[in-house]
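Based on the sequences and whatever the hints tell you, model everything.
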Amino acid sequence: MDARYVNPFIDAITHIMPQLGFQNVVRGGVKTGDQFVESKGVTILVGLTDDARGNVAYNMTEEAAMKIASIMMMGMPVTQMDEMAQSAISELTNMVTGNAATNFESLDMKVDISPPSLVVGQKFRAKLSNGKFLIIEMVVDGIVLELNVGID
Amino acid sequence: MEKKKVLIVDDSPFSQRIIKDALKGSAFEVCAAADTGTLAIEEFRKQRPDLVTMDMTLPDMDGLDCCNELKKIDPDVNIVVLSAMRDQKLIARGTMIGVKEFLQKPVKREELLSAMEKVLHQEGEGLCLVDREWLGYFDAAFRKNIKDMAGLESTISVQTDVGTKFISHGLAIIVGLTGTTQGRVIVDMATDVAERFASKMLGGDAASEDDQMNSVAEFANIIAGHGVSRINNINSQNDMDMRLTPPSILLGENLSIINPKLSSCTITAETSVGLIHMNVGFVRGR
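The listed protein sequences derive, respectively, from chains A and B. Once you know that position 60 of the first sequence is 42 in my numbering, the rest is easy, because the numbers rise by one and skip nothing. Whatever position you read off the second sequence (first residue = 1), add 18 for my numbering.
A couple of the hints might just be wrong.
Beta-carbon label-pair distances, calculated as ranges [stated by the list, open to error]:
hint, chain 1, residue 1, chain 2, residue 2, range
1, B, E236, A, D33, 45 to 55 Å
2, A, M58, B, E20, 42 to 52 Å
3, A, G57, B, K89, 43 to 53 Å
4, A, E20, B, E236, 18 to 28 Å
5, B, K165, A, K114, 32 to 42 Å
6, B, K107, A, G124, 47 to 57 Å
For the chain B half of the interface with chain A, some residues (derived, Cβ under 10 Å), not all of them [claimed, not checked]:
hint, residue
7, V180
8, F184
9, I192
10, G197
11, Q200
12, I204
13, A208
14, L262
15, T263
16, E271
17, N272
18, I275
Source of the hints: derived by calculation from the structure; they are not laboratory data. Even glycine gets a Cβ: it sits at the ideal position worked out from N, Cα and C.
Given below as structure tokens:
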């Protein structure tokens, strides 16, 4: 898939995270993945349609998800992936993907997104597209957040 | 499915006609129409409608006064105000009385139906009326394609209001729905069922893991596509433009698939190769 599709997502994370109370957003490596995303524990899937068709999987450990939810709730302690934490993480991915969809306009592409599906479980795999996908690692306040972008 | 009864209060025959037409083919039916406040109160006592659409200028009384009278008869009355006027003062007064929705004429069918189901929806949890109607389209596509694509007979059971969480049985295909209404369709089955189901779809050949994923993903894509086309066709005059995102495939044991904003239903088909599940959900409060 086209490497140009990476930037709308990186820009979205860089733009959205500080608004949610995160101080430090660092871009890690970008590599390609083949076939399956191996879940780290919590994976959120968002579908893309119109000019870019595919799926994005936000992948993180449960611990990372709870830390992110905690920061989003202004430091409130989060000790389990309860409804509030699920809602926070879902909202985060909705905002980031929505912002990325807007960023695609600079590539002259119209993109619409589906509601997020948050998947929790032990050892599972997700297939996003027919071919390869891009893995973008972002580190926000020391928490690793992996984006997997599969666009056909 | 029982339709919800609607009382139309409006002194304009034209407006009454527009509202009646808008409700055709929806989950609502008009039980009476009144062109004065007095008649509205009389019909309300007689019919006990589930919902009232209220005009603001009636020959014998102010629409909000009429709302107030209805409120005395039934404190839980569901009213959608439908008027040429829609200003802050009116909304403030109406809200005090307990009116939940204010629409300005001319109103689009989709806008009206959406406001009406929203008002009813505030009563309780679960799928709203329009969603239930739509669920039927996906249900029909599900049954048809189990037969057409895999040649299998099925017995269907429906579990309504599953809520925001769905537990996968092994292989889950998620197809996102985008557009004016958002949601998603999940087709799900145990991996041994997927193996037999894919084999049926492939005309009896052995199905590798790839075959299973691809066959079931295509099956899910077609069902979702049929359901969405039907919704778009029926609502073609309202710029309803729902689209599908490509299927994403999940493989794993005991996965919870969650969307906190979604309410959903699960339809299960019992077939000779095992149980096939379809979960359909829409985002609330569109």
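**Q.** When the least beta-carbon distance from B/G197 to chain A is tested against 10 Å, hint result
**A.** holds (7 Å)
**Q.** Given hint B/I204 near chain A, where the shortest CB pair must fall under 10 Å
**A.** holds (8 Å)
Q: Please verify that hint: B/N272, Cβ, nearest Cβ of chain A, below 10 Å or not.
A: holds (6 Å)
Q) Does the interface hint hold: is B/T263 within less than 10 Å of chain A, judged Cβ to Cβ? A) holds (2 Å)
Q.
Tell me if the interface restraint on B/E271 is satisfied: Cβ within less than 10 Å of some Cβ in chain A.
A. holds (7 Å)
Q.
Quick check on the hint: B/F184 CB to chain A CB, less than 10 Å?
A. The hint holds - B/F184 has a Cβ within 10 Å of chain A, the shortest such distance being about 9 Å.
Q. Does B/Q200 meet its interface restraint, that is, does its C-beta lie within less than 10 Å of any C-beta in chain A?
A. OK, holds: B/Q200 within 10 Å of chain A, min 5 Å.
Q: With a cut-off of 10 Å on the beta carbons, see whether B/V180 makes it to chain A.
A: violated (14 Å)
Q) Taking 47 to 57 Å as the hint, is the beta-carbon distance of B/K107 and A/G124 inside that range? A) holds (52 Å)
(Q) Range first: 45 to 55 Å. Now tell me if the beta carbons of B/E236 and A/D33 are that far apart. (A) violated (23 Å)
Q | Distance restraint hint 18 to 28 Å, applied to the beta-carbon atoms of A/E20 and B/E236 | A | holds (24 Å)
Q) Is the distance from the Cβ of B/K165 to the Cβ of A/K114 consistent with 32 to 42 Å? A) Holds, at about 36 Å.
Hint compliance for this structure: hints 1, 7 and 13 are not met, and every other hint is.
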